[in-house]
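Undergrad: The primary structure of each chain is shown beneath.
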Amino acid sequence: MKGNEVIGEAAVYAGCRYFFGYPITPQSELVAYMAKRLPEVGGCFLQAESEISAINMVYGAASAGVRVMTSSSSPGFSLKQEGISYLAGAELPAVIVNIARGGPGLGNIQPSQADYFQVTKGGGHGDYYTPVLAPSSLQEIVSLTREAFRIADEYRTPVILLGDGMLGQMMEPVEFEDEKPLPKVREKKWATTGTKGDGPPKTITSLDLNDTQLEIRNNTLQQKYAAIKEKEVRVDEYLLDDAAYAIVAYGTVARIARTAIDRARKKGIAVGLIRPVSLWPFPATIISEYSSVLKAILTVEMSAGQMIEDVRLAVEGKAPVFFYGRTGGVIPTVDEILQQIDRLTEEVAI
Amino acid sequence: MVEELIIAGFGGQGVMSMGQLLAYGAMEEGKHVSWLPSYGPEQRGGTANVSVVISPQAVGSPVIDFPTSAIVLNTPSFERFAPLVRSGGKMFIQSDLVDCTTQREDIHCYSIPASSIAEKLGNQRVAGTVLLGAFIEKTGILSKGSLTAALNQVFGEKKKHLLPLNIAALEAGQRYICDF
Numbered sequence: 001m002k003g004n005e006v007i008g009e010a011a012v013y014a015g016c017r018y019f020f021g022y023p024i025t026p027q028s029e030l031v032a033y034m035a036k037r038l039p040e041v042g043g044c045f046l047q048a049e050s051e052i053s054a055i056n057m058v059y060g061a062a063s064a065g066v067r068v069m070t071s072s073s074s075p076g077f078s079l080k081q082e083g084i085s086y087l088a089g090a091e092l093p094a095v096i097v098n099i100a101r102g103g104p105g106l107g108n109i110q111p112s113q114a115d116y117f118q119v120t121k122g123g124g125h126g127d128y129y130t131p132v133l134a135p136s137s138l139q140e141i142v143s144l145t146r147e148a149f150r151i152a153d154e155y156r157t158p159v160i161l162l163g164d165g166m167l168g169q170m171m172e173p174v175e176f177e178d179e180k181p182l183p184k185v186r187e188k189k190w191a192t193t194g195t196k197g198d199g200p201p202k203t204i205t206s207l208d209l210n211d212t213q214l215e216i217r218n219n220t221l222q223q224k225y226a227a228i229k230e231k232e233v234r235v236d237e238y239l240l241d242d243a244a245y246a247i248v249a250y251g252t253v254a255r256i257a258r259t260a261i262d263r264a265r266k267k268g269i270a271v272g273l274i275r276p277v278s279l280w281p282f283p284a285t286i287i288s289e290y291s292s293v294l295k296a297i298l299t300v301e302m303s304a305g306q307m308i309e310d311v312r313l314a315v316e317g318k319a320p321v322f323f324y325g326r327t328g329g330v331i332p333t334v335d336e337i338l339q340q341i342d343r344l345t346e347e348v349a350i
Numbered sequence: 001m002v003e004e005l006i007i008a009g010f011g012g013q014g015v016m017s018m019g020q021l022l023a024y025g026a027m028e029e030g031k032h033v034s035w036l037p038s039y040g041p042e043q044r045g046g047t048a049n050v051s052v053v054i055s056p057q058a059v060g061s062p063v064i065d066f067p068t069s070a071i072v073l074n075t076p077s078f079e080r081f082a083p084l085v086r087s088g089g090k091m092f093i094q095s096d097l098v099d100c101t102t103q104r105e106d107i108h109c110y111s112i113p114a115s116s117i118a119e120k121l122g123n124q125r126v127a128g129t130v131l132l133g134a135f136i137e138k139t140g141i142l143s144k145g146s147l148t149a150a151l152n153q154v155f156g157e158k159k160k161h162l163l164p165l166n167i168a169a170l171e172a173g174q175r176y177i178c179d180f
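Here the protein sequences line up with chains A and B, keeping their order.
Counted from 1, the first sequence has number 103 at position 103 by the UniProt record's numbering; the numbering is strictly sequential.
Counted from 1, the second sequence has number 6 at position 6 by the UniProt record's numbering; the numbering is strictly sequential.
Do not rely on the hints blindly, as some may be mistaken.
[Claimed, not checked] Derived DSSO-like pairs (lysine-lysine); straight-line CA-CA distance at most 30 Å:
1) B:Lys-159 to A:Lys-36
2) A:Lys-2 to B:Lys-160
3) A:Lys-2 to B:Lys-138
4) A:Lys-266 to A:Lys-224
5) B:Lys-31 to A:Lys-266
[As the list claims (entries may be wrong)] Simulated coverage check for chain A against chain B, where a stretch passes if three residues somewhere in it have a Cβ under 8 Å from a Cβ of chain B:
6) 163 to 170
7) 247 to 258
8) 329 to 335
Hints in this document: simulated from the structure, not taken from any laboratory.
The beta carbon of each residue, even a glycine, is placed where N, CA and C say it ideally should be.
From just these sequences and the hints, can you work out the full model?
TA: Take a look at the structure:
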């Protein structure tokens, strides 16, 4: 299966029955997969007339208490930002997929990680965050899609699943059986499913014209984000026990870095990998702890340097942080990263 | 042993499908495998390539900078990948379409007239399968049995009739390369 199709099947496996989308390369296979798959399981697929329409259909379905998903790629994802802000404000659970491509603007259709700022710092207007999960293999897509729906339901928040064109287009073997299915959607007492004349009407809105009330709402959101920061940090560590150096990389770049690390180890360089799996909340504590024992850190991204800002905040100057990035859809190679590892050891030796 | 293979040619020559067959074959043998298409605004007649990594351990980078093997189906692909094949690696050339040989002495080069061989079997379109037969014979990375199982899976009930011809093509490729 292609990565995009794996996201679709994993969503179905996690109990998602509603999908509203609009095609854009390199994620269109996901839309096509859902169009075919959802009717088979009694769900509903609808191709909207635009990304903006799709995200607002998600708002409607989420208000009715069902598991719902939409997906896009960078330029299309930008169009969804207003809707995501509304979802966050109205505290609605939903999963939004971004299979990112080269930008800015219309850019191209090759893989990129240049949407990091947009997905981890809110993206739309207002004081909000969305949890962001970044799988690096097709098997991990299965577990993280499930997690995305769990977090969305548990905290009543939109959750972003971030991949790139490489992850969406590649094929790898996957197992669904190993993954525990997510429990059925519990009754959501807040959902607007009709009171049948019993009790007061329920409303879901992000509008609050009273400033004091809106501040209370904001405080509630901030408390929720604090709880997510405490409980939902995910990170993968590779060969760090004896490491003098570490690479910080996520998603597909982390895999390329892992191969480079294996080769560097053969040359006797003690280097390991810190792979943030949740990009928000960012694994700052773990990076901070390692930075006090590491000689240097190298951040590798398919961007001009975005995650590195979070890495530097976590490191707080305890170790030098270097950067290597490729942009515009160019993928860093194992050899390039290996050269950067060599540079790291030389710079620190001086 | 980790096999890092790039298959390259014109769009429409079946480059992606050849990679897919190997990926399914590797799955059949319980090996780790990744399949990564060159991805851009591709079209029929344009150049296309696919990277297939077959490994006993989990695949790290699905992107290959220096392949252990390359199968090239057109001249531009030959020119692009001949310098990149790792020292000691193998290069399989569709010699009906590519009239080149490499000056490199540190790699093994096999010229295979895959279209001619396929034509003798009755259908030029199985040239890709001939090349795959040669590839598995020389590298030993997958067995004919698992590739046959992969073909079976890809064709399904609908295209079952294509299976005997493709198995014959695999075998023809294997036989041809034995003489090198």
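Undergrad: May I ask which of the numbered hints given earlier this structure violates, with the numbers listed in increasing order?
TA: 4
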